[in-house]
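Once you've looked at the hints, dock chain B with the ligands against the given chain A.
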Amino acid sequence: MRWSSLKVSLLVVLSFSMVMVLISFMFYKNINILLGFWEDEAKLSIYLKVDTTEEEKGAAIARLKTDSDIANIQVVTRNEAAADFKKILGEYSNGLISVDEITDLIPESIVVTLQSSLSSQTKNEKFAYIKRDLTLNPVVEEISYGTEWIKQFSKFDRALKFFGLLLFSVLSISVLFISALMARSLVEESKTEIEVLSLIGATRWFIYKNNLLPFFYIFGLSAAISTAITFGTYFYFKHRFFLAQGFGFLAENIRFLDAPEVLSLVCILFFFVICGAVLSLKSAIQRLSLFAYE
Amino acid sequence: MIHLKHIYKTYGANRHALRDLNIQIEKGEFTFLVGPSGAGKTTLFKLISAYEKPTTGDIEVAGYSLNSLKLGQTPFYRRKIGFVFQDYKLLKNKTVFQNVVLPLEIINNKTIDKSKQAMELLEQVGLHDLQDQYPDFLSGGEQQRVAIARALIHNPELLVADEPTGNLDPKMSEAIMQLFFEFSKKGTTFFVATHDYRLLTLKNSRVLELNKGELVGDRIS
Ligand SMILES: Nc1ncnc2c1ncn2[C@@H]1O[C@H](COP(=O)(O)OP(=O)(O)OP(=O)(O)O)[C@@H](O)[C@H]1O
Ligand SMILES: [Mg+2]
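Chains as they are written, first to last, in the numbering used here: chain A, 1324 to 1617; chain B, 11 to 231.
Just chain A, same shape as in the assembly (with noise of 0.2 angstroms):
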């Protein structure tokens, strides 16, 4: 194959276009990835009165245990809770306070999980009603979940997942359009080499043959670059820039594209190239009328 300015743009073009389709994907893929992380770590805690008996402990418990929603509950003793919350408080507090201090102040608690399978939405308003459920309850001291918190962030998650739906799906689209412009535009320049190979004796299937083979190789050229591409900026954005901003729970979590992905993305950008190619190779043999004398 011979490389004429418009085979090299049509090789920058499909490649920068995978990119950006691959890339949008991924962001896609990683901000589902990341806020499931975040919905996960909403719990609801449930502080006990300090005078609380095992048995009255016990009842709570069980009566949280009948609510399917509900994945994993956990009691926090006084002495974990405060060990917890002098680890937070990390070198600062050492010499400030003691564990037997802390665990005078803080209460002992159940934390309630969710599945992890409920939207936001869902988790909200079951905390609720738990909340509701519980206050009446004469063990228990105070309920929190972070209502308002959870609240927001059920909003930026769907705005989030939206957006990154909408850049992938726009993206797509208006690659796979650029894509057949340029499929057809290569068959336009190659016009004149079709009346020729005709006027000698070429079949349409030598026509075809001849005319799509280009599309098979900068394709493939294309996808083998753009998967390097999306590639290379996923590792600078784990290993780099990530931990370079202190990111280090992004950097831990973000995900690469799997083979299925990659593969379905640039079958389908393949399917919408090569249908432009065939479609404007056919008209622009049906245009020249070469093959039906009439």
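Since the hints were made in silico from the structure, they are not lab data. Be aware that a few hints might be false.
A partial selection of chain B residues facing chain A, derived with a Cβ cut-off under 10 angstroms [what the hints assert, rightly or not]:
id: 1; residue: 90
id: 2; residue: 95
id: 3; residue: 104
id: 4; residue: 115
id: 5; residue: 161
id: 6; residue: 222
id: 7; residue: 226
Sample of chain B residues with no beta-carbon within 12 angstroms of chain A, all distances over it, derived [said to hold, decoys possible]:
id: 8; residue: 30
id: 9; residue: 36
id: 10; residue: 59
id: 11; residue: 100
id: 12; residue: 133
The C-beta atom is built at its ideal place from N, Cα and C for all residues, glycine as well.
Chain B with the ligands alone, transformed into the frame defined by chain A:
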């Protein structure tokens, strides 16, 4: 080999390029087609190559009746003929060698040694050292010889050449005509349009004369 009956070709409403042409050319004949510019020579060749359709009349070439030529038959009909076009119609993105070997690639006969045959013909038209060059970098005469080699490579039954020596010097024109005569001896039918009246004296052959789309002469030179 070529049978034209009452051929008319009219472009638009009243541009009569060909009028009531009746021509019979037998297998193995060597026929020149002469006539002033605009006489209709290229138009006639366009009809023979199934590139255009006559306005009225019947054409039969190499056993194919072109009026009833089916979509899928056209390529196979064209393979029986070698065409030298007035504007050469070389592929710019292929080398001289690739252009010449193209008809064999298309026919794809595994028993033929394609590159040997292409090299032989390039030698005969004097282009063997330009085989890797692209047509854009060739002179008009060189391009014309590439077109001639491409038209002959698949040993066609009929060779239709539109001004094949238009860009060649007298010596080279004569060499090309000698090449044509060699193929003619092996049985190829030739139909050659030319402005170059000197060529007609090289061999006793039939000369058809066109003027304003009408056949005005049919003689032996
Ligand atoms: N596509 C077309 N539309 C309109 N008129 C045409 C078309 N093709 C050819 N003609 C006209 O038909 C006439 C014959 O043209 P043609 O090309 O056959 O001449 P020619 O004998 O090959 O001339 P030359 O020796 O200059 O090549 C000319 O008057 C030309 O203008
Ligand atoms: Mg002409």
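Outcome of the hint check:
Taken as an interface hint, residue 90 of chain B checks out: its beta carbon lies about 8 angstroms from the nearest beta carbon of chain A, inside 10 angstroms. At a threshold of 10 angstroms, the smallest CB-CB gap from residue 95 of chain B to chain A is about 8 angstroms, leaving the interface hint in force. For the restraint placing residue 104 of chain B at the interface with chain A, the shortest Cβ-Cβ distance is roughly 8 angstroms, inside the 10 angstroms limit, so the hint holds. This hint holds: residue 115 of chain B has a C-beta 8 angstroms from the nearest C-beta of chain A, less than the 10 angstroms allowed.
Proximity of residue 161 of chain B to chain A holds as hinted, the smallest CB-CB distance being about 8 angstroms (cut-off 10 angstroms). Checking residue 222 of chain B against chain A by beta carbon gives a least distance of about 26 angstroms; that is not within 10 angstroms, so the hint is violated. Interface restraint check for residue 226 of chain B: the shortest CB-CB distance to chain A comes to about 28 angstroms, outside 10 angstroms, so the restraint is violated. Once the 12 angstroms rule is applied to beta carbons, residue 30 of chain B is consistent with being away from chain A; the minimum gap is 21 angstroms.
Against chain A, the non-interface label of residue 36 of chain B holds: every CB pair exceeds 12 angstroms, the least being about 23 angstroms. Not every CB of chain A is more than 12 angstroms from the CB of residue 59 of chain B (nearest about 6 angstroms), against its label as outside the interface. The beta carbon of residue 100 of chain B sits about 8 angstroms from the closest Cβ of chain A, which is not more than 12 angstroms, so the claim that it is off the interface is violated. Every C-beta of chain A lies more than 12 angstroms from that of residue 133 of chain B, the closest at about 21 angstroms, which supports listing it as non-interface.
In this structure, the earlier hints numbered 6, 7, 10 and 11 are contradicted, and the remaining ones agree with it.
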